[in-house]
Amino acid sequence: MQEEQLSPIESPEAERAVLGACILSRDALGTAVEMLRADDFYDFNNKLAWEVMVEMYSSEMPVDFVTFSEALKNKNLFERVGGQPFIASIIANIKSTANVDYYAEMAC
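Residue numbers (the numbering used here): 233 to 340.
Don't take each hint at face value.
The calculated SDA-like cross-link candidates involving lysine to any residue, where the alpha carbons are at most 25 angstroms apart (straight line), are [said to hold, decoys possible]: (1) K327 / M338; (2) K307 / Y334; (3) K327 / K307.
Now the in silico label distances, taken between C-beta atoms and shown as ranges [unchecked claim]: (4) D296 / A330: 12 to 20 angstroms; (5) N331 / E311: 13 to 21 angstroms; (6) E302 / E337: 12 to 20 angstroms; (7) E337 / E311: 26 to 34 angstroms; (8) A320 / P294: 12 to 20 angstroms; (9) N306 / M338: 14 to 22 angstroms; (10) F276 / N306: 18 to 26 angstroms; (11) Y334 / N306: 17 to 25 angstroms.
Calculated from the structure, these hints are not laboratory results. Please read these numbers as outputs of a predicted model, since none were measured by experiment. In this text, a Cβ means the ideal position worked out from N, Cα and C, and glycines have one as well.
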């Protein structure tokens, strides 16, 4: 019997919640880095944003609205992922970073 290959569950809201929490808290980013891989992201733009965040985290760079925006611009990805409205919207929807592990489980 052939095993059925599972495809990622589409949860752009959970993906954006993870991204937003990671911009607001380095601890949240550390938790998410341990739980998620880029391939866990269904939405391609969220995946690109995640890859940049992980690269920044691995290089011990701070990840916040300004530094993340600049990193995206340096990689010519800022407009691709949705620019300032994208980043502002993922941050605006986060009331607490405490649930990042729950969001990460939903996203993968």
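Open item on the list: Could you work out which of the previously given hints the structure breaks and list their numbers from low to high?
Closed with: As far as the earlier hints go, 2, 3, 5, 6, 9, 11 are violated by this structure, in ascending order.
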